[in-house]
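K.L.:
Chains as they are written, first to last, in the working numbering: chain A, 371 to 543; chain B, 371 to 543.
Hints are computed from structural coordinates only; laboratory data are not their basis.
Remember, it's a predicted structure, so these values are computed and weren't measured experimentally.
Some clues are possibly wrong.
Copies of the same chain look alike in the list, so a pair counts if it fits in one copy or across any two.
Simulated pairs of lysine to any residue, SDA-like, Cα-Cα distance not exceeding 25 Å [as the list claims (entries may be wrong)]:
| hint | residue 1 | residue 2 |
| --- | --- | --- |
| 1 | Lys474 | Pro510 |
| 2 | Lys540 | Pro434 |
| 3 | Lys540 | Trp394 |
| 4 | Lys540 | Ala436 |
| 5 | Lys540 | His528 |
| 6 | Lys474 | Met371 |
| 7 | Lys474 | Leu533 |
| 8 | Lys474 | Asp507 |
| 9 | Lys540 | Asp393 |
| 10 | Lys540 | Pro510 |
| 11 | Lys438 | Gly506 |
| 12 | Lys540 | Pro530 |
There are 2 protein chains.
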Amino acid sequence: MQCSVFIATSLDGYIARRDGSIDWLEIVATPGEDYGFAAFYATVDVLVMGRTTYETALGFSEWPYAGKRVVVMTHRPGESRHGEEYVSGTPGELVRRLAAEGAKRVYVDGGTVIRQFLAEDLLDDLTISMIPIVLGDGLPLFGRGTGEHRLALAGVQHWPTGLVQLRYEKSRR
Amino acid sequence: MQCSVFIATSLDGYIARRDGSIDWLEIVATPGEDYGFAAFYATVDVLVMGRTTYETALGFSEWPYAGKRVVVMTHRPGESRHGEEYVSGTPGELVRRLAAEGAKRVYVDGGTVIRQFLAEDLLDDLTISMIPIVLGDGLPLFGRGTGEHRLALAGVQHWPTGLVQLRYEKSRR
């Protein structure tokens, strides 16, 4: 089983403004261009996310993860409306359970959960789309507590909008 | 006159460990490969740096900026041993003075000074070499107080070591 990240950040490493807004992603919005997201999403059978990402999704007019197994890492379980599961254990316990249950590729989303998975060295690959903007403040992708991790560059792509997509895999060195 | 940044950061945006060490840059060290630094440095006639970068340079067995004009932004002037100048004004004042004195390209170095120049919108281009490592902690390149800045992607290069070099220019949009 593989645990993967697919996320956009500003050049200064923020995934959202402090209020959670991602309006600044519009600077790379191009009709018909999803920067590889649909292709990535099609390979994923389970999504693991934190409370913040989950509540953002609940706010959409339509549940955005229809057809995928969704696990929410939270200490405050809610009322599952789309089959989503709530878990409160460690990322390691969750990964072992998902693997045992036959999951193939887990899409790990949200800053807090990504950092927790990284800290436990559970991420196999990260695709980071660098947006050509410095925000100056916001919610960071990384931060203290992840520990040190060597990565192997597995690919670089860039687009006329200025988006650069970096793909890293866990370093075997 | 042009103000330029040429710097290496970890994937999580640190330019050094908390104690200032840059030992982790060794993971991309390759004999004969300087990732474009000498070519960049040859185009520069003035270096502007903060106290920390300056003191690091003073600690080298040889003065590393021989043949270049060096300006140290500090409120604690020292004893100039290599012709370096100490200034305590704003980046804007310094840039106007350097331009009036005929400077062509200024190499702005050190996290604090880079952030000050960015905050005053004085940077014309930034070359950022992303090292394939997450450090988990350290001295950041960016940080609160820079304000928001759109940038234009001007180039992307990558090497077998996993170093990705992103070149941005001030966005004219």
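K.L.:
Hint by hint, note whether the structure agrees.
P.N.:
Cross-check of the supplied hints:
no.: 1; hint: Lys474 with Pro510; result: neither (28 Å within a copy, 36 Å between copies)
no.: 2; hint: Lys540 with Pro434; result: neither (29 Å within a copy, 36 Å between copies)
no.: 3; hint: Lys540 with Trp394; result: between (29 Å within a copy, 17 Å between copies)
no.: 4; hint: Lys540 with Ala436; result: neither (29 Å within a copy, 41 Å between copies)
no.: 5; hint: Lys540 with His528; result: both (22 Å within a copy, 18 Å between copies)
no.: 6; hint: Lys474 with Met371; result: within (5 Å within a copy, 54 Å between copies)
no.: 7; hint: Lys474 with Leu533; result: neither (29 Å within a copy, 30 Å between copies)
no.: 8; hint: Lys474 with Asp507; result: neither (36 Å within a copy, 32 Å between copies)
no.: 9; hint: Lys540 with Asp393; result: between (31 Å within a copy, 20 Å between copies)
no.: 10; hint: Lys540 with Pro510; result: both (21 Å within a copy, 23 Å between copies)
no.: 11; hint: Lys438 with Gly506; result: neither (35 Å within a copy, 32 Å between copies)
no.: 12; hint: Lys540 with Pro530; result: between (28 Å within a copy, 16 Å between copies)
Hint compliance for this structure: hints 1, 2, 4, 7, 8 and 11 are not met, and every other hint is.
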